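Turn these sequences into a full structure, and let the hints steer you where they fit.
Chains as they are written, first to last, in the numbering used here: chain A, 763 to 1207; chain B, 63 to 544.
Derived by calculation from the structure, the hints in this document are not laboratory data. Careful: at least some of the hints might be erroneous.
[Claimed, not checked] Cross-link-like lysine to aspartate or glutamate pairs, in silico, DMTMM-like; alpha carbons within 20 Å at most:
no., chain 1, residue 1, chain 2, residue 2
1, A, 1105, B, 537
2, B, 71, B, 109
3, B, 95, A, 979
4, A, 1047, B, 109
[Said to hold, decoys possible] Computed beta-carbon distance windows for the label pairs:
no., chain 1, residue 1, chain 2, residue 2, range
5, B, 378, A, 982, 38 to 46 Å
6, B, 217, A, 954, 32 to 40 Å
7, B, 376, A, 913, 46 to 54 Å
8, B, 448, A, 815, 25 to 33 Å
9, A, 809, B, 436, 53 to 61 Å
Keep in mind it's a predicted model, so treat the numbers as computed, not measured. Here a beta-carbon is modelled for each residue, glycine too, at the ideal position from N, C-alpha and C.
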Amino acid sequence: MNYTPHTPEEVKQMLSEIGVSSISELFEDIPVSMRPASFDIPEGKSELEVIRHLQELASKNSGDLLTFIGAGFYSHYIPAAVDAISSLPEFYTAYTPYQPEASQGWLQAIYEYQTAICHLTDMDVSNASLYDGGTALYEACMTAVRINGRKRILVDAGVNIIYWTMLKCYTSNLSLDMVKIPVKNMRADRQNIYKQLDERTSAIILQNPNFFGCIDDFSDIVEYAHKKGVIVILSVYPISLGVLKTPGEMGVDIAVGEGQSLGIPLSFGGPYLGFMTSKKEFVRKMPGRIIGRTLDKHGRDSYVMTLQAREQHIRREKATSNICSNEALCALRAVIYLSLLGKKGLRELALINLDKAAFTKECLEKIPGVLKVGQPPFFNEFTVLLSHNADEVVHKMISKGYIPGLPLGRFYRGMDNYLLVAITEQRTKEEIVKFAESLEAVLCN
Amino acid sequence: MQLIFDKSKPERTGFKIPKKDVPATAKLPDNLKRKSEINLPEVSELDVIRHFSILANIHFCVDTHFYPLGSCTMKYNPKFMEKAAKFPGFEDIHPLLPQLSGGGILTQGCLEILYHMEKLLNEITGMDAFTMQPLAGAHGELTGAMIIAAYHRDKKHKKKYILVPDSSHGTNPASATIAGYEVIVVPSDKNGVMDIDEYRKHLTSDVAGVMLTCPNTLGIFNPHIKEICEMGHKVGALLYYDGANLNAVMGKLRPGDIGFDIVHLNLHKTFATPHGGGGPGAGPVGVKKHLSEFMPISKVIRRTDGTFCLDYNYPKSIGYIAPFYGNFGVIVKAYAYILMLGKSGLIDASEKAVLNANYVRTKLKNSYKLPYDRRCMHECVFSAERQKEKGVSALDIAKYLISKGYHPPTVYFPLIVKEALMIEPTETESKETLDSFIEVMKEAADLAEKKPEVFADMPDNTPVQRPDEVKAARDLNLKWNG
Chain A
763 MNYTPHTPEE
773 VKQMLSEIGV
783 SSISELFEDI
793 PVSMRPASFD
803 IPEGKSELEV
813 IRHLQELASK
823 NSGDLLTFIG
833 AGFYSHYIPA
843 AVDAISSLPE
853 FYTAYTPYQP
863 EASQGWLQAI
873 YEYQTAICHL
883 TDMDVSNASL
893 YDGGTALYEA
903 CMTAVRINGR
913 KRILVDAGVN
923 IIYWTMLKCY
933 TSNLSLDMVK
943 IPVKNMRADR
953 QNIYKQLDER
963 TSAIILQNPN
973 FFGCIDDFSD
983 IVEYAHKKGV
993 IVILSVYPIS
1003 LGVLKTPGEM
1013 GVDIAVGEGQ
1023 SLGIPLSFGG
1033 PYLGFMTSKK
1043 EFVRKMPGRI
1053 IGRTLDKHGR
1063 DSYVMTLQAR
1073 EQHIRREKAT
1083 SNICSNEALC
1093 ALRAVIYLSL
1103 LGKKGLRELA
1113 LINLDKAAFT
1123 KECLEKIPGV
1133 LKVGQPPFFN
1143 EFTVLLSHNA
1153 DEVVHKMISK
1163 GYIPGLPLGR
1173 FYRGMDNYLL
1183 VAITEQRTKE
1193 EIVKFAESLE
1203 AVLCN
Chain B
63 MQLIFDKSKP
73 ERTGFKIPKK
83 DVPATAKLPD
93 NLKRKSEINL
103 PEVSELDVIR
113 HFSILANIHF
123 CVDTHFYPLG
133 SCTMKYNPKF
143 MEKAAKFPGF
153 EDIHPLLPQL
163 SGGGILTQGC
173 LEILYHMEKL
183 LNEITGMDAF
193 TMQPLAGAHG
203 ELTGAMIIAA
213 YHRDKKHKKK
223 YILVPDSSHG
233 TNPASATIAG
243 YEVIVVPSDK
253 NGVMDIDEYR
263 KHLTSDVAGV
273 MLTCPNTLGI
283 FNPHIKEICE
293 MGHKVGALLY
303 YDGANLNAVM
313 GKLRPGDIGF
323 DIVHLNLHKT
333 FATPHGGGGP
343 GAGPVGVKKH
353 LSEFMPISKV
363 IRRTDGTFCL
373 DYNYPKSIGY
383 IAPFYGNFGV
393 IVKAYAYILM
403 LGKSGLIDAS
413 EKAVLNANYV
423 RTKLKNSYKL
433 PYDRRCMHEC
443 VFSAERQKEK
453 GVSALDIAKY
463 LISKGYHPPT
473 VYFPLIVKEA
483 LMIEPTETES
493 KETLDSFIEV
503 MKEAADLAEK
513 KPEVFADMPD
523 NTPVQRPDEV
533 KAARDLNLKW
543 NG
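Next comes the structure, spelled out in structure tokens:
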């Protein structure tokens, strides 16, 4: 049985209308010499069989480990309403809203997303989404280069190490000078940064909370950078903005981040959501779709894709970016999530994350094999210095049903005994206490 | 229509935050705290559900409307794929788990899918290795262009150009630029395919790569494609296959067999994963053996004991193009789709896609100008030039279709066709759907002849009519400031 709806009779009628005698005639333009050498794909299965197969595969993964890992990708609770709306076919089976009259639903939703992201970050303008937090950082670099024409980018080593790796990959063929500035005690090293910020520098990239979980106020760096004409790019963790000083309040030029924590499942690495905002004077230098509000011919509020002259389908090789499909459905999830939580909910949620992390710190500090916890102040993630190799501890903890965090030795020399631990609202007091007990048992044996 | 922000009422909330159950209270220094109020709406869960449901109601989608948006392959998205991707064993897995000591064994299901998907895509395209990492089609192009750059760097070739035909998607030249190349555009000939003499003229030893869509964006298969690949290889260029149109040729042609070195696929087109209003997509990239060492890391491999793991040992790799292993949630759906359709189903999909496009082409060619009047593959491109003479543009026809309940074709692309109407019906649409669409298209052509003035008022039954795009770009209003 085929999945297509054509009956044999209809196929015959259609072929006769076209004026050919068989379907294979329609493919005659492809010479026999170019036909596939093989096409060894298994024959089709029923829906029941495929679902059963995938269920088996899913059950080979352990979805029920108690997780204390983050590193930029967090396990937050997702309200059921997020799934309910993003499962509406009008949202998930449509495409880019090229035709505004047929697409007001999506266009308005993205305008609302842009608004929510601007309000969350205290920035002026937001685009309609990029692939993920890492590609958003790369696009931010390129935006900075377009703004001031300089070619040197400073990257604080507190920026997620995964993003640093991505930035190196993306810029490998562009004549950009990517300079990593080491951290000092896991925090931005002001002295070195001030020394490096000069008139040749296009941008500096910072992250708050940084990869080690430390939180900061970068207003001083922003002020100094601006004196030198340097663009400041800040990568942020959206949930933390419920309580932390915002990119807008620090005066940064471009704020980006990974939006996964806003109602998007971890899904083994994607799809995620790159968000990007800037000051309004840079909007025409920004990449990506942007939705604008306007009036229709009868004076009614309407929404359209705007500033398209920056984009690849118009400007081709001169476009601000090559991005076309972005992560619209994830952006929709984010605006639904933010609407459900609302102005007070997001703050409360951030406070709970903060308090649970503080409690976890207290519990871990009592363990004899834990030598140091965090570099306060932190939000919901911190480093833990162990008496043992963190890799080995992780291995043992996983067998006890925990993902205890990310060992940092793989990324940083001399940090073999460090573990990066994250706590969200998903972890209860009991789970945290038991986690500490298990860790103690592992460390003290 | 009101915004969700307009519906805000102080003290309302749509989600009950879990109670604080720990005794600790964190102390944040004042200078690190947010001072501003977070201006998000205060609404109930019902407010949110109703608001977005109403927005959904004023939107066209594949499930409710025929959506022949050329080049986008808006085929039906089977529902079981959605169900599979939502299994907690997929959705709740942290991507760092397989990178932890002892974690790999707990993610065997995910790794197995990535591994088998690579094998399936290799066989479908005739390539030797695939990376699942690219997050969309254009992202795949960029990955491919970066592999081209890495290859030539490794071979110490100094090359500066990438050739693209004038019918290409805008993403091709844009992606090549980010990989550090200058773009040379090769014009099409009178048959709608790349002009081979022009191609020869530009093909020098400075050319690093040639990016081709095949069949091309006019829906035309270039019978000289193999020769084009051979000519490119002679000057040391790599041949890149933009798989945007693979839906036309599954089981009929494999880019790997005819000389292409690199290919990207759009899982959200060919393999039926939903387009999500503009993503997420997925754009896996396949290469021939001589390029596999340049692929992004990590790679999923199978150990001798049958278990799967991540391998990072590729010193010449271009590096991390994505934070992890690609849009896994999308890849699961495409994997499920390929398993269900199987060999015959995939071949049938391409055959019916081509049948449907040729049927529409034949039935409409008396009503609209067919700039390249020849057999097409999965899509056909008409021109509304004839109608334009009466003052009715391709855009007007698109608006008329909307009023009749059809999503319009792609308009004004490819750029080499004036007043282009690019129709891609896809294989999942039935003859009766096509027949009704054809009737409405004929009606539009007829009206353009007899009553061209009616188009100015189209569409006449939508929530808005002809929004002012010039005003939108001039008086920028990109967020609610209430």
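Taking the hints in turn, this is what the structure says about them:
1. Between residue 1105 of chain A and residue 537 of chain B the alpha-carbon distance is near 28 Å, which puts this suggested pair outside the 20 Å criterion.
2. Proximity of residue 71 of chain B to residue 109 of chain B is assessed by CA-CA distance (about 11 Å); at most 20 Å being required, the pair is judged to hold.
3. For the hint pairing residue 95 of chain B with residue 979 of chain A, the CA-to-CA distance comes to about 9 Å; that is within 20 Å, so the pair holds.
4. Restraint check for residue 1047 of chain A and residue 109 of chain B: the C-alpha separation of about 36 Å exceeds 20 Å, so the hint is violated.
5. The hinted window of 38 to 46 Å between residue 378 of chain B and residue 982 of chain A holds, with their beta carbons roughly 42 Å apart.
6. Distance hint check for residue 217 of chain B and residue 954 of chain A: the Cβ-Cβ separation is about 38 Å, which falls inside the suggested range of 32 to 40 Å.
7. In this structure the hint that residue 376 of chain B and residue 913 of chain A lie 46 to 54 Å apart at CB is violated, the actual value being about 28 Å.
8. Against the hinted window of 25 to 33 Å, the Cβ-Cβ separation of residue 448 of chain B and residue 815 of chain A comes to about 52 Å, which falls outside the hint.
9. A hinted range of 53 to 61 Å is violated for the C-beta pair residue 809 of chain A and residue 436 of chain B, which are about 39 Å apart.
Hint compliance for this structure: hints 1, 4, 7, 8, 9 are broken, all remaining hints hold.
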